[in-house]
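A.B. asks: Chains A and B supply the protein sequences, listed in that same order. Everything in the first sequence is counted per our numbering, starting at 9 for the first residue and increasing by one. Everything in the second sequence is counted per our numbering, starting at 9 for the first residue and increasing by one.
Check the hints yourself; a few may be wrong.
[Claimed, not checked] Restraint-style ranges between C-beta atoms, simulated for each label pair:
no. : chain 1 : residue 1 : chain 2 : residue 2 : range
1   : B       : Arg420    : A       : Glu45     : 30 to 38 angstroms
2   : B       : Gly173    : A       : Glu504    : 36 to 44 angstroms
3   : B       : Phe142    : A       : Asp369    : 53 to 61 angstroms
4   : B       : Asn114    : A       : Glu504    : 35 to 43 angstroms
5   : B       : Thr270    : A       : Lys444    : 35 to 43 angstroms
[Unchecked claim] Computed cross-link-like contacts, DSSO-like style, restricted to lysine-lysine with a CA-CA straight-line distance of at most 27 angstroms:
no. : chain 1 : residue 1 : chain 2 : residue 2
6   : B       : Lys227    : B       : Lys242
7   : B       : Lys373    : A       : Lys445
8   : B       : Lys72     : B       : Lys373
9   : B       : Lys444    : A       : Lys373
10  : B       : Lys227    : A       : Lys22
11  : A       : Lys22     : B       : Lys373
12  : B       : Lys19     : A       : Lys72
13  : B       : Lys373    : A       : Lys444
14  : A       : Lys72     : B       : Lys22
15  : B       : Lys242    : A       : Lys19
16  : B       : Lys22     : B       : Lys133
Rather than coming from a laboratory, the hints here were simulated on the basis of the structure. Where a beta carbon is used, it is the ideal one built from N, C-alpha and C, also for glycine.
Protein chains: 2
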Amino acid sequence: MAKRAKANKPKRPKAILPRGFSDLSGDDVLERQQMIETIAEVYRTYGFQPLETPTIEYLDALGKFLPDKDRPGEGVFAFRDDDEDWVALRYDLTAPLARYVAQNRNELTMPYRRYQVGLVYRQEKPGPGRFRQFYQCDFDTVGSRSMAVDAEVCALVADALEALGIERGGYTVKINNRKVLNGILTQAGIATISDDAAAAEDVASPATVRAQVLRSIDKLDRVGIGGVADLLGKGREDESGDFTDGVGLAEDQIERIIGFVTAGETGGGSRSEVLDRLSDLVGDDPDGREGIDELATIDELLVAADIGADRVEIDPTVVRGLDYYTGPVFEAVLSADDDSGQGGADGRRSYGSVVGGGRYDDLVKRFTGQEVPACGASIGVDRLLAALRDRGRIGGDETQGPVVVTVMDGDRLADYQAMVAELRRAAIPAELFLGKKNLGNQLKYADRRGSPVAVIAGSDEFSTGTVVIKNLRYGKEVSLGIEDRDEWLKAADVQETIARDALVSTVAELLGRSADEDAS
Amino acid sequence: MAKRAKANKPKRPKAILPRGFSDLSGDDVLERQQMIETIAEVYRTYGFQPLETPTIEYLDALGKFLPDKDRPGEGVFAFRDDDEDWVALRYDLTAPLARYVAQNRNELTMPYRRYQVGLVYRQEKPGPGRFRQFYQCDFDTVGSRSMAVDAEVCALVADALEALGIERGGYTVKINNRKVLNGILTQAGIATISDDAAAAEDVASPATVRAQVLRSIDKLDRVGIGGVADLLGKGREDESGDFTDGVGLAEDQIERIIGFVTAGETGGGSRSEVLDRLSDLVGDDPDGREGIDELATIDELLVAADIGADRVEIDPTVVRGLDYYTGPVFEAVLSADDDSGQGGADGRRSYGSVVGGGRYDDLVKRFTGQEVPACGASIGVDRLLAALRDRGRIGGDETQGPVVVTVMDGDRLADYQAMVAELRRAAIPAELFLGKKNLGNQLKYADRRGSPVAVIAGSDEFSTGTVVIKNLRYGKEVSLGIEDRDEWLKAADVQETIARDALVSTVAELLGRSADEDAS
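The following block holds chain A by itself, in its conformation from the complex (with noise of 0.2 angstroms):
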């Protein structure tokens, strides 16, 4: 028998996800699906208005801007559909907009602000809270140049960050301007040259050098100011011995470009003494005056809408790694208070950035040769709801689960169902246990589904036209000081012998909701 049930066994297929997927279900879906809508309607407050673009696009009208260009191609699910184009899931909700707003030009009401929340995907090498698809959560202002818009960008990620229960202080909205860097630059002498000539002479494009010195600098938090210095210069050993080459820039240059890093933190103090110092790196150069400029009106509508240093700062810091961006750039960090030795030199802890953005000019111009001006930035949610959760403001108390009507005598299947039926048109969530077990493997059912109320219901209950109802939250709490499990199921307090009449007002009372027949 045993060999030919073997013969004949199918080839079955694996009950497994591809790396880098997961699936999440129960409380972690709807806390989710929560933070997405408070965020959303935070964004409406502000007169953003909701967009949906499908999955898949054109891959060429996605185009390649994510942050890795040293591997064009790579990172994206591409393919080619039935037509033989290739096409491509959206690895970003931005890039969808620009194709939107190139194709709907002549329809649409500019400015013209969208939000959009929706899953991307990215082909990468998949790790520990990394994977290969992900909510991003995105606002975006477009056709506008007015530095209205980028004040109103920091202000809407506080709020935001304040709806979602984060207190004033255990966040930091973060900006820095792209201008700014490219005249500090400019003044050191560091990539000033034409692209042309660059190419004439063999030598890396001022794009290039911009670039390898923005990377520099992102990598601050991991190594350093010591080690930013080190790769801007001759480069940097790790401490596993692996070398990174550095820019290999000269002593000044690089003296420089760390003043710049570092005149967000000399003194702290307000958004205007860091402009003040940062006026002061930047001298004369036009680039870097305007930069200035931005930053300085930035600042002055935040006051007028009475937002101060401890929500948003300005951060010489900020790079961002994506190349479109052209003025200022956005990010935004949790930190909190940690006594567990694991936060920073000042005790606090922090999260990283969760929020990330910055005004881009250029990508509607790639299809209509039109310079459109965009600003806007991307929650993070997932990295948002794993800080929250780590801090305690989220999870922790499961949701309560259905009332669980229990069955004691499969012929009495309709009468058990009509109790069902009148909890649920009372909005009371309710189920029918329907497998087949024995009472207590029921209540051990409804106990794992964090159930509150059991429904008894037997002959002796039919026969007196009447029902018990088990308290299974209250007899949790008394079960704590309790070995044995059993015990509680059994102790006559948590449970009551109720009229069938009073189904719905006693469970409803009990759940401390009122008991509206009517009231879905």
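Dock chain B against the given chain A, drawing on the hints supplied.
C.D. replies: Frame of chain A, contents of chain B only:
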């Protein structure tokens, strides 16, 4: 110049979507979201928990369960990932559920009730209203053979449709049972030989014949009862002259099947009357009897939940295309009184099937070899939306846009920004006008955004500590009788000058809200 510009012209991507995909914006997004949340709330009231599986699964894990089995492999977006494994975008939410249950069978509390809302993808021929990505909104109970599950599917669907505002009488939930049809086929001497015997004799296998019969019945709506009889017999020629081959059944066999199909119609009546007629047709065939008994149990449970034939009826014409259903199948249709002449013979207009589902026992078995009973249904959100829009149930009234604070003096941006911030803090959606336009065009922008109120302040107002409030809604009502739009924009009675301090309270009053400064 023109020549040079041409020579340098970069190759630009086209701002278009692949065929079969579309964008959705504004109210359309919000209406769908609201519909999904209303349905999910009903799912939770019935004790279903949310699940989110990823968009991408291994191709062999998804299997091939699309309705059109003639072209296996087609219909799915499949491609190789970077491990050279075949993966695919999910084409429904049932196949991923089977994979999830098989993967987590040791941890799941059975019976397991889950709901899932998400996008699914089909590489099928797109057409009007037929897209390559669309939402499904499923609920399933896994691990129970009880007909209480099937009865619950009907009750839930009816409750969900009513929660969406569809009046009783405006929808019908329909049940049928595959086993009854199988029994009738056996009684009629159709599809009675074994699959092996069929292969040996080189005739169509019973499974093939059953599928052909199902497909013929499924065309009832389009071809009428005579057309079905033709399709079961020698074949049918349609109006365009195209000929469809028939199943080739004998006259008396066709008669029995037509008797079955029309058993729901003749005389109409209660569920038990239809059951009586079906019972006569089935005779003593064991399969058929089991099907009748199952339907009778479902009827009994529905009666106990006080759900009559006005909400859930037994309809033998319901077959559902999918091969994997093994017992009861479900469908829900919407209808409405129709005086446009487009309705049916009864003067009612039908919107076709908006919900479909059934019982399936073999999906998890594919992975584990163990039969796991399951039953559920899928609510077609997009079809429902289209039907409700058509019936004027939703849409029409545009959602109110944000209050627009106009900009008369670019140097006063901070002051305007402060007004916007105050309004937002009172939870009043508001935005600063971010473009560079004169007041008239700013007011036109506000109108296109559906703004209820515009706020205006120039040097006069700033010097006297006032602002002007323009009631755009009132203006709109007045304008219905005015030819020249500019006229009403200037009309004095749609605007008033108020103290700057009274901005929030006045706007709140106009919008019929309480002016709670701390609403956020």
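A.B. asks: All hints, please: hold or fail.
C.D. replies: Hint by hint, here is what the structure shows:
1. Evaluation of the 30 to 38 angstroms hint for arginine 420 (chain B) and glutamate 45 (chain A) yields a pass: the beta carbon distance comes to about 35 angstroms.
2. At roughly 39 angstroms, the beta-carbon separation of glycine 173 (chain B) and glutamate 504 (chain A) lies within the given 36 to 44 angstroms, and the hint holds.
3. The hinted range of 53 to 61 angstroms is not satisfied by phenylalanine 142 (chain B) and aspartate 369 (chain A), whose Cβ atoms lie roughly 35 angstroms apart.
4. The hinted window of 35 to 43 angstroms between asparagine 114 (chain B) and glutamate 504 (chain A) holds, with their beta carbons roughly 36 angstroms apart.
5. For the pair threonine 270 (chain B) and lysine 444 (chain A), the beta carbons lie near 38 angstroms from each other, so the given range of 35 to 43 angstroms is met.
6. Pair hint lysine 227 (chain B) plus lysine 242 (chain B) holds up; C-alpha atoms about 16 angstroms apart against a cutoff of 27 angstroms.
7. Note on lysine 373 (chain B) and lysine 445 (chain A): the hinted pairing holds, with a Cα-Cα distance of about 22 angstroms set against a maximum of 27 angstroms.
8. The hinted pair formed by lysine 72 (chain B) and lysine 373 (chain B) meets the criterion: a straight-line CA distance of about 14 angstroms does not exceed 27 angstroms.
9. Under the criterion of a C-alpha separation no larger than 27 angstroms, the hint pairing lysine 444 (chain B) with lysine 373 (chain A) is consistent with the structure, at around 20 angstroms.
10. Only pairs whose Cα atoms come within 27 angstroms are accepted, and lysine 227 (chain B) paired with lysine 22 (chain A) is rejected, the gap being roughly 37 angstroms.
11. Annotation: proposed proximity of lysine 22 (chain A) to lysine 373 (chain B) holds, straight-line Cα distance about 11 angstroms (limit 27 angstroms).
12. A threshold of 27 angstroms between alpha carbons decides the hint, and for lysine 19 (chain B) with lysine 72 (chain A) the separation of about 15 angstroms falls inside it, so the pair holds.
13. In summary, the hint linking lysine 373 (chain B) to lysine 444 (chain A) is supported, as the alpha carbons are separated by about 20 angstroms, within the 27 angstroms threshold.
14. Straight-line distance between C-alpha atoms of lysine 72 (chain A) and lysine 22 (chain B) comes to about 15 angstroms, which keeps the hinted pair within the 27 angstroms bound.
15. At roughly 39 angstroms between alpha-carbon atoms, lysine 242 (chain B) and lysine 19 (chain A) are farther apart than 27 angstroms, so this suggested pair is violated.
16. As the CA atoms of lysine 22 (chain B) and lysine 133 (chain B) are separated by approximately 22 angstroms, the hinted pair is consistent with the 27 angstroms bound.
Violation of the numbered hints given earlier is confined to hints 3, 10, 15; the remaining hints are satisfied by the structure.
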